[in-house]
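A.B. asks: Residue numbers (numbering that gives the first Met the number 0), protein chains in the order written: chain A, 0 to 329; chain B, 0 to 259; chain C, 0 to 378.
Read the hints as simulated data drawn from the structure, not as lab findings.
Using C-beta positions, here's what the derived DEER-type ranges look like:
| id | chain 1 | residue 1 | chain 2 | residue 2 | range |
| --- | --- | --- | --- | --- | --- |
| 1 | B | G162 | A | M0 | 40 to 50 Å |
| 2 | B | S226 | A | E132 | 12 to 22 Å |
| 3 | B | K182 | C | V56 | 21 to 31 Å |
| 4 | B | D27 | C | E99 | 41 to 51 Å |
| 5 | A | E325 | B | S226 | 37 to 47 Å |
| 6 | A | T177 | B | G162 | 31 to 41 Å |
Derived BS3-like pairs (lysine-lysine); straight-line CA-CA distance at most 30 Å:
| id | chain 1 | residue 1 | chain 2 | residue 2 |
| --- | --- | --- | --- | --- |
| 7 | B | K50 | C | K112 |
| 8 | B | K254 | A | K298 |
| 9 | A | K326 | B | K236 |
| 10 | C | K43 | B | K197 |
| 11 | B | K213 | A | K6 |
| 12 | A | K191 | B | K156 |
| 13 | A | K298 | C | K268 |
| 14 | C | K24 | A | K213 |
| 15 | A | K213 | C | K262 |
| 16 | C | K272 | A | K298 |
| 17 | B | K252 | A | K229 |
| 18 | C | K43 | B | K1 |
| 19 | A | K233 | B | K256 |
| 20 | A | K300 | C | K265 |
| 21 | B | K48 | C | K112 |
| 22 | A | K318 | B | K256 |
| 23 | B | K213 | A | K2 |
| 24 | B | K256 | A | K326 |
| 25 | A | K265 | B | K182 |
| 26 | C | K197 | C | K24 |
Cβ atoms here follow ideal geometry from the backbone N, Cα and C, with glycine treated the same way.
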Amino acid sequence: MDKSQYKDVYVFVEQREGVIQPVAFELLGKARELADQLSQNVVAILAGYGIAEKASELIAYGADSVLCIDAPELVYYITEPYAQAVTKVVEERKPSILLIGATTIGRDLGPRLSARLETGLTADCTGLDISEEGDLMMTRPAFGGNLMATILCKEHRPQMSTVRSGVMRMGKKDDTRTGKVENFKVTFDRSKFKVRLLETVKEQKNLIDITEAKILVSGGRGVGNSEGFKMLEKLAEVIGAEVSSSRAMVDAGVMPHNRQVGQTGKTVRPDVYFALGISGAIQHLAGMEESDFIIAVNKDKYAPIFNAADLGIVGDVNKIIPLLTEKLRR
Amino acid sequence: MKIVVCIKQVPDTTEIKLDPVTGTLIRDGVPSIMNPDDKGGLEMALQLKDKYGAEVTVITMGPPQADDILREAFAMGVDRAIHLSDRKFAGADTLATSNAIAGALRMLDYDLIITGRQAIDGDTAQVGPQIAEHLDLPQVTYVEDLKYDGEKTFTIKKSTEEGYQMVEVEAPCVITVLATANKARYMSVRGIVEAYLKEVEIWNFSNVRVDEKKLGLNGSPTRVFKSFTKGVKAAGKIYEVEPEEAADIIVSKLKEKFII
Amino acid sequence: MDFSLSKTEILFRQMIRDFAEKEVKPLAAEVDEEERFPIETVEKMAKLGIMGIPFPVEYGGAGGNNILYTMAVEELSRVCATTGVIVSAHTSLCAAPIYEFGTEEQRKKYLPKLCTGEWIGAFGLTEPNAGTDASAQQTMAFEEGDHYILNGSKIFITNAAYAHVYIVMAMTDKSKGTKGISAFIVERDFPGFSIGKKEKKMGIRGSATCELIFENCIVPKQNLLGKIGEGFKIAMKTLDGGRIGIASQALGIAQGAMDETVKYVKERKQFGKAIGQFQNTQFQLADLQAKIQASRLLVRMAAYKKDQKQPYSVEAAQAKLFAAETAMETTTKAVQFHGGYGYTREYPVERMMRDAKITEIYEGTSEVQRMVIAAALLK
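The whole structure should be built from the sequences, with the hints applied where relevant.
C.D. replies: What follows is the structure, encoded as structure tokens:
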């Protein structure tokens with residue numbers, strides 16, 4: 000393959016019911032950095048129906064141009080029509096890099112495209128960079144996050160990568176930026192449309208299992224009672240965490256057993272674990288000490304939890320947590 | 000109905016630990032298991048078998064010890080097991096893997112192909128959709144539940160970030176299933192006793208009839224350039240300060256960690 | 000014999016350990032605390048074939064062998080000794096004698112229901128005045144027309160309250176001593192049969208141990224197990240097999256206590272280091288570990304001999320004696336390693352210590368095992 004024919008950093012812009020998803024802006028931010036390193040352009044692929052007016056926002060977040068594919072076939076996401084649309088873009092425009100959000104949509108579309116285009120796809124990247132040879136260096140966790148691997152796709156184009164939402168940082172919105180918006184026409188092969196969408200249901204997702212939560216706000220005796228746990232729930236809400244508990248609070252009937260961390264509860268290893276008012280009895284430590292980052296707040300400076308903590312605060316949770324929640328909300 | 004379930008043997012990543020001194024991965028003694036999402040897919044197939052008398056075949060690609068999960072599948076109740084094993088398949092990324100498996104699937108009859116959503120050693124969630132593309136079949140990913148009308152149509156509940164979608168698709172098709180879709184059955188004692196009395200079919204390169212250039216390391220567009228561990232944890236810092244300052248310290252740490 | 004597990008055994012252990020961890024362990028404390036028979040666990044085990052492991056498929060069994068059966072009892076007992084003894088008593092003391100001594104009609108009638116767990120089995124030998132001296136049976140059976148009439152009572156009967164089938168020993172001819180004892184298959188709803196008081200026990204508190212009462216209980220003649228007068232022989236042979244099950248239970252309890260202790264001594268810090276770093280801890284654990292492994296090999300040898308249809312009575316006695324005493328020693332030390340925590344119900348080792356004690360008592364006390372071993376030695 001003649002790689003020189005392929006250039007520019009393309010971003011598949013995910014929208015749901017016409018609302019651009021935050022991950023798309025985050026990808027544009029990263030794409031901007033990569034394109035600047037390569038001295039190339041950022042192109043946003045905006046596919047949907049009745050979405051053309053959203054194009055200017057994409058430019059404000061870093062795109063140099065927007066390819067707008069506005070078609071009734073794309074009114075909601077289904078694999079095949081979207082795969083046909085993006086394939087057409089790649090075949091005609093030959094991007095060097097194609098970034099897609101690692102959402103349930105992007106992780107459905109990405110691999111389908113990679114097989115159709117016969118190129119590589121690296122899933123759930125946490126780092127993207129350009130090598131000295133100008134290739135995309137895609138870094139991602141493997142083995143359940145125990146190992147990081149940097150992956151290259153040297154001989155195939157486009158170099159495709161999916162990135163989870165919240166991993167890259169959104170660039171600053173700049174309404175003064177200008178760029179080209181182009182309507183891109185796709186002729187669909189409807190004979191391949193085999194999946195019919197019957198309904199889309201939004202629901203208050205059940206509480207995430209605490210073993211799967213990325214952030215846990217865990218409370219113990221120092222939190223005291225269900226009033227105290229309401230305070231933790233507020234904090235959890237602000238940072239997208241789940242609330243868990245020590246055994247003492249489960250025994251006291253304040254929290255249900257499925258929220259208990261520890262030897263007789265669940266073993267968790269979130270990215271961040273808040274141990275609030277938890278002394279850190281051995282049986283509790285057994286359930287959480289492998290968390291990536293442990294923040295402990297406790298009145299007793301000799302509490303064993305501080306031996307396990309990455310960040311320890313000696314103080315009253317009932318005073319600190321409301322302040323913290325307020326600061327985070329702002 | 001004929002169902003083929005693609006399964007993978009993976010290291011149980013919840014058992015992997017880092018060496019506290021060197022920060023390297025300790026892989027010795029880590030048990031190998033059937034990938035959890037694949038097990039969910041297998042259970043879904045076996046439930047269809049219980050209800051409609053489907054014939055269930057499992058297929059795996061991997062080294063000789065991957066035979067273990069095929070025996071496990073026999074003990075859970077599958078009818079046929081195929082083991083793709085050839086040096087020419089080795090070193091494959093997801094695309095080359097999907098080429099080999101799709102090659103094998105072309106040799107089989109199927110109404111439904113099931114894979115797990117993703118494998119816990121790689122978490123890529125790519126092979127299922129890639130197989131679907133190679134076989135020119137429709138795909139439904141993130142499947143939580145599936146109803147079959149007994150003839151041709153599947154009504155499928157697909158998980159999304161905000162809730163779920165109900166979709167309809169006709170056989171043949173590919174679905175990728177979540178481990179949480181069901182509670183996989185245990186192997187039965189009788190199934191275990193008979194598992195090693197049954198025959199696992201070993202298929203190699205010549206059985207799958209795929210261009211060698213599309214297989215193994217040669218057929219892999221992506222290559223691992225380097226790998227590394229995140230390193231050893233440094234000792235934590237303890238602050239004894241006023242509440243206001245304490246909250247600020249936490250906020251700045253969270254920022255540093257990209258949590259906010 | 001081969002000391003490594005076969006592929007089938009590895010697969011079996013994977014299943015039973017997974018089952019024990021996920022289905023049995025979460026209930027263990029509650030079953031103990033509430034003295035509750037875990038009927039829901041029995042139903043789950045029944046579906047998987049765990050209630051009929053060593054019996055042929057034609058009788059509804061899983062087609063396995065006694066080695067797999069011992070592994071099952073070990074793994075279940077490792078997390079819950081109550082569940083272990085339910086399976087052991089059912090399999091070794093009820094289904095096994097029907098399979099080994101029953102007529103084809105009896106096998107066909109009872110084994111499929113027992114092996115599939117539709118019915119639970121129990122065994123009645125012990126009486127208020129006939130414990131270690133089992134020959135002092137006072138339950139009487141006399142012939143009347145096409146049936147026998149049983150009168151008397153049995154005590155300490157495992158599974159009693161939930162069983163459907165009981166193997167019961169009764170005197171048919173007192174003048175003949177042990178040769179006057181016969182074995183009967185008694186169904187729960189036979190007229191004149193009832194379940195008496197439930198024992199409040201120190202350990203294995205969920206196993207529904209009760210009294211069996213026979214008041215002119217009518218047992219059809221076709222329910223005589225073996226020939227008339229063979230009851231004592233059947234009981235002794237049945238207990239030989241049962242001892243393999245109890246040895247496995249003891250082994251499981253010991254291993255469970257060891258697992259808990261290893262976890263604990265790695266985490267518990269005193270004087271600035273994990274207590275597992277002290278040599279006193281290490282040496283004691285090493286001794287226990289060697290004994291546990293020796294128990295496992297003794298259990299395996301006894302089960303292997305039974306599978307090979309070789310005499311195994313002495314091997315079973317050795318396995319039970321050694322495994323039971325190892326269980327008692329390991330659990331007692333496990334509590335000691337856990338210190339104050341070990342004495343509380345927050346940790347499972349105190350339960351394991353209470354559970355371990357019975358393995359030195361039932362299905363022949365340790366003293367009986369020594370008698371069996373010594374008798375063979377000095378023969």
